[in-house]
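Trainee: Take a look at the letters that make up each chain.
2 protein chains.
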Amino acid sequence: MRLSRDVAIVGAGMTRFHHKIHADKTSRELFVEAALEAADSVDNGFDMRDVEALFVGNFSSDAFEHQAHTAALMADWLGLCPRAATRVEDACASSGVAVNMGALAVASGAYDVVMVGGVEKMRNLTTEEVTDTLAMAADDLYEVAAGFTFPGLYASLATAHFAKYGSSWEQLAAVAIKNHHNGALNPKAHFQSSVMETAKKLGERRGVTFNDEMEFLRSPLNPVIAYPLRLFDCCPVSDGAAVVILAAAEVAKRFTDTPVYIRGLGQASDAMSLHDRADLTTLRATRVAAEQAYKMAGVSADDIDVADVHDCFTIAEVLATEDLGFFPKGEGGKAAEEGRTALDGDKPVNPDGGLKAKGHPVGATGAAMAYEMFKQLRGEAGRHQVEGVEVGLTHNVGASGATVVVQIYGR
Amino acid sequence: MRLSRDVAIVGAGMTRFHHKIHADKTSRELFVEAALEAADSVDNGFDMRDVEALFVGNFSSDAFEHQAHTAALMADWLGLCPRAATRVEDACASSGVAVNMGALAVASGAYDVVMVGGVEKMRNLTTEEVTDTLAMAADDLYEVAAGFTFPGLYASLATAHFAKYGSSWEQLAAVAIKNHHNGALNPKAHFQSSVMETAKKLGERRGVTFNDEMEFLRSPLNPVIAYPLRLFDCCPVSDGAAVVILAAAEVAKRFTDTPVYIRGLGQASDAMSLHDRADLTTLRATRVAAEQAYKMAGVSADDIDVADVHDCFTIAEVLATEDLGFFPKGEGGKAAEEGRTALDGDKPVNPDGGLKAKGHPVGATGAAMAYEMFKQLRGEAGRHQVEGVEVGLTHNVGASGATVVVQIYGR
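Protein chains in written order, with the working numbering: chain A, 1389 to 1799; chain B, 1389 to 1799.
Hints listed in this document are in silico derivations from the structure and should not be mistaken for laboratory results. Be a bit skeptical, because a hint or two may be false.
Each pair may be met inside one copy or between any two copies, as identical chains are not told apart.
Claimed, not checked - Simulated crosslink set (EDC-like; lysine to aspartate or glutamate; CA at most 20 Å straight-line):
(1) Lys1722 / Asp1732
(2) Lys1589 / Glu1421
(3) Lys1735 / Glu1775
(4) Lys1722 / Glu1425
(5) Lys1413 / Asp1528
(6) Lys1717 / Asp1690
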């Protein structure tokens, strides 16, 4: 894939992702909060009138808020009318795909400056209702009708991976421990305590003492959700929004001396239902989207200094780090266990806590990854900053892998 | 707006729009039917492997079929995986916006050939449930909470127009009569009988004779839905799909000697709620989107030989023909009454029957307009062909005008 002209991020904002603090807000309020922070983040100042088009990733405000036509509503509440406003829906990859759409729209010559964001307000519903709503991203006729929801679908991927490669639940636990550790360093994260801190707190309430994280993670306080996945293998249900401002390379310097360029992008699809896939131990769409993005950027997996990957479940991070080529197939879990994906590892993954600890308001996740790369590549990620970042990668998955989008960022 | 390179339609297909014949089909089956017809329509043959990305306009399969992630599902059922698949939702303008997105994606250089379509399977729900579901395209907190659904919103636009310009319900009736006449000439249309034929049929059942159309339209057999709009002022609830194949101008000739070029495009937003608009007698987003499209195409309203405009309600066609500049403000209804928008008028509008008679599976409507232009500009529209078409225009509205997209087509 090649674009007619280069595109850069010049500003980024996001709300905290959380399940309680946004209780009295609607999507429009969350989105405006993130968009205003994005505008404020532009070094040389930003006038909302510079926005020529808005792209909004959103999974299903239809089901969550009885509100569709989401992009036009956000444009209205941001005072952007009569600018073009487009909603993109590709399940949990909605705003990752929206970032691609925004980049293509700028590259097309149609617009010089666009705003791209994502939002989801999920917590109006109960957890059971959320699980049912998210299941709309799977095949309603073949998977949902058979009783599948997402914990079950990813559990299937996990057991297949265990069977083929001898990987283990302990390796998945290492992903959770690492991502909670990182989330504790990120003021925007949903969970801001390490697994050990949580073990201590929950243990105290019940008069139990845990000597280490694994003892806690093996205990009934971390119940099995869908074997082999336990509670701490699953991301939480969060509300939130994230927004980035994209500009054509030739105008980006008007806004900042340090834009973050989109060097590569890719997007791919795969069979919706797991039973239609040749192999459950890999996401083909990740491999195809990554290949496109690496080729366009002229880099390889080895060149990636930091990555935000889609860890809706811990097994998803293991699959991602393998399918993106960071580690050989079957060795993603081992790499996590060895600390290679930690903040100070040789391949830091999800420094912001990932979906696991940062939270996963599904439509906002892809844009939040772009936000993170904007911060990491400018050295502004604070306590979870990775050292010496030159090239960053984001990887956003829709459902069980029927959509995958990958972006590569550089300075 | 300018694009880095030109884009053309090289193939188009659509299902019939209808409320009964698709009863046992799902969205995926409707979409595949339209896509295969689009592929078959390509003069020099078409291999699905030529499709590099898919864009699907869909309003809310979430609510209609408990199925989101619609684009990936369509890619799967078309055998397009691992090609990129993106769903676009902008209410009833979803696939009109998808056509713009597809065009921008090609213009960006990312893809040479893309498939763009729209689909909606609405008839799983009752008419009451459909009305409630469509209301998600309005502002749930301010309009829907106050009791508004779309007939009421458009009725407000109608009474405002009547009050300001002295336009009348009789003028709206002229729009309905004209569009049913055209629909009767279109084998893809939902309704394929003229108003007079319907009057005769319904009258016979009840032992009533109507001497002319207006006598029928004023009778209790055409009840008031939301004053002043009666049943025949409202489009039906239909199921269906439409698909076009877009190619970069430099590869279009590989597929056909007579591609139809997208010469101009525009997209705009407006305040979601009617109470936030300065004027209810005009859709500002139509004027802005049209201005963009005319400018890009280098044409004016006078140059348009045929137009498909968004007549979800008859008043919407009147507003459109004025806001697009076909007729002076306040004279759109009069023009319809005088036959100027008829097939053989000086400004033919909705030769395919429009949403009014062709039907309105909301997510499919914009793509179906592009389909119609492909046929009209190639002289392949059969019994509803407009003579001597050189320049065509499509106008697709989301909700009560918070999204509008306009395309201009040429040979």
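Trainee: I want to check one pair: Lys1735 and Glu1775. Are their C-alpha atoms no more than 20 Å apart within a copy, between two copies, both, or neither?
Mentor: Within. Shortest intra-copy distance 11 Å satisfies the 20 Å Cα cut-off; inter-copy 65 Å does not.
Trainee: Treating 20 Å as the Cα threshold, decide for Lys1589 and Glu1421: within, between, both or neither.
Mentor: neither (32 Å within a copy, 57 Å between copies)
Trainee: Treating 20 Å as the Cα threshold, decide for Lys1413 and Asp1528: within, between, both or neither.
Mentor: between (30 Å within a copy, 14 Å between copies)
Trainee: Could you figure out if Lys1722 and Asp1732 sit no more than 20 Å apart (CA to CA) within one copy, between two copies, both or neither?
Mentor: Answer is within; shortest intra-copy Cα gap is 16 Å, inter-copy 73 Å.
Trainee: Check Lys1722 against Glu1425 for me: Cα-Cα at most 20 Å, and say if that holds within a copy, between copies, both or neither.
Mentor: The answer is neither: 38 Å in one copy and 50 Å across copies each exceed 20 Å.
Trainee: Tell me, please, which holds for Lys1717 and Asp1690 at an alpha-carbon limit of 20 Å: within, between, both or neither?
Mentor: within (15 Å within a copy, 62 Å between copies)
Of the numbered hints given earlier, the model fails hints 2, 4; all others are met.
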